[in-house]
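In the order they appear, the protein sequences are chains A and B.
Here the numbering used here is used: position 8 in the first sequence is 8, and no number is missing along the way.
Here the numbering used here is used: position 100 in the second sequence is 100, and no number is missing along the way.
I should point out that these hints are in silico values taken from the structure, not numbers from a laboratory.
Everything numeric in this text was worked out from a predicted model, so none of it was measured.
Heads up, some of the hints might be wrong.
Claimed, not checked - Just the calculated beta-carbon pair ranges, DEER-fashion:
| hint | chain 1 | residue 1 | chain 2 | residue 2 | range |
| --- | --- | --- | --- | --- | --- |
| 1 | B | D27 | A | R38 | 20 to 28 Å |
| 2 | A | Y10 | B | S103 | 26 to 34 Å |
| 3 | B | R112 | A | R93 | 25 to 33 Å |
| 4 | B | G61 | A | R38 | 35 to 43 Å |
| 5 | A | M5 | B | T100 | 39 to 47 Å |
| 6 | B | T116 | A | E67 | 40 to 48 Å |
| 7 | A | H75 | B | S73 | 40 to 48 Å |
| 8 | B | I12 | A | P8 | 30 to 38 Å |
Virtual Cβ for every residue (Gly too), placed ideally from N, Cα, C.
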Amino acid sequence: GQQVMQIPQYQHVQEGEDFTTYCNSSTTLSNIQWYKQRPGGHPVFLIQLVKSGEVKKQKRLTFQFGEAKKNSSLHITATQTTDVGTYFCAGPRGNKLVFGAGTILRVKS
Amino acid sequence: GAVVSQHPSWVICKSGTSVKIECRSLDFQATTMFWYRQFPKQSLMLMATSNEGSKATYEQGVEKDKFLINHASLTLSTLTVTSAHPEDSSFYICSARESTVNSPLHFGNGTRLTVT
Chain A
1 GQQVMQIPQY QHVQEGEDFT TYCNSSTTLS NIQWYKQRPG GHPVFLIQLV
51 KSGEVKKQKR LTFQFGEAKK NSSLHITATQ TTDVGTYFCA GPRGNKLVFG
101 AGTILRVKS
Chain B
1 GAVVSQHPSW VICKSGTSVK IECRSLDFQA TTMFWYRQFP KQSLMLMATS
51 NEGSKATYEQ GVEKDKFLIN HASLTLSTLT VTSAHPEDSS FYICSAREST
101 VNSPLHFGNG TRLTVT
């Protein structure tokens, strides 16, 4: 079945450094969604990408959807301590949403 | 924005007892809700899809008699962990969608279950 792979598993950066997490699907996706889960919290929806090659920005966060609609990335510029948490990508499979393994981001101040 | 309320946020129970977890969509109707289980530092594992007015659809490997799901109304789904054992200890999270299949999921705050 459809799988969503996400790398890296962990990323430990110095505050102010950039951070990127990558997501790859074994099949073409109609859309891809990104979620953030703070430590001890629940996942919160960040954004949805639908179009091939789409790029969306939210302040210091830049989301990209690949031309083939099989991969995506989330890039954070100049990380801050408030960015800590786990970032998940997710793609639809029928009525469900398949989540990647997530990337845990830690920021050293 | 859409809010999903999950209760309780944490529960400790003795082995052999049953625990019920409630998930409510507060300001929208959810014909479909999802129940996930999450182990520390791991991803969200879909357990089942809860459909209003019909039986839940369970993922492979999830025991439907162990994890009873009821979706009695468009705003309420419940998960009952029956005859709980220590290995059932985990973080259980529900989520709901507002409308179309591609709508984003709104998650509850999760329930931390500890079975002693």
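Problem - Numbered hints the structure breaks, given as an ascending list - result: Of the numbered hints, 4, 5 and 6 do not hold.
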